[in-house]
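With the sequences and hints as input, model every part of the structure.
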Amino acid sequence: MIRNYVSHGVGRVFHTDPIVHHSRNNVAGHMVLNQTFTKEPMLTMGRIKPVVWDDNWTMATEDPNLSAQFKHTILITKHGAEILTNCQKI
1 MIRNYVSHGV GRVFHTDPIV HHSRNNVAGH MVLNQTFTKE PMLTMGRIKP VVWDDNWTMA
61 TEDPNLSAQF KHTILITKHG AEILTNCQKI
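For the sequence shown, the positions run 1 to 90 when the UniProt record's numbering is used.
Source of the hints: derived by calculation from the structure; they are not laboratory data. Note that the Cβ used here is the ideal one computed from N, Cα and C, for glycine as well.
Quick list of in silico lysine-lysine cross-link-like pairs, DSS-like style, CA-CA up to 30 Å:
1. K39 with K49
2. K71 with K39
3. K71 with K49
4. K39 with K78
Computed spacing ranges between beta-carbons, pair by pair:
5. T73 with V51: 25 to 33 Å
6. L66 with H30: 29 to 37 Å
7. Y5 with D54: 12 to 20 Å
8. F70 with N25: 17 to 25 Å
9. W53 with T77: 31 to 39 Å
10. V32 with D55: 28 to 36 Å
11. E62 with V32: 36 to 44 Å
Written out as structure tokens, the structure is:
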């Protein structure tokens, strides 16, 4: 798990609160009604140190091992969490 990056809220501003960490931490937080956020961990088979490419967006790990990222966007509703990126509905 690449710990340098976090998931985030999505709204009128793309990267916004809440900040969602992918590993155990001491940051308290809670979700509120109608809040939308991502969950997007980055996993690697090798070293967890990220290297950012010259485009200042693309990230790889410092070794040639496989790595991957996936993302879901989640909406908090009065009935619970709704995964907006659920491709099984298509």
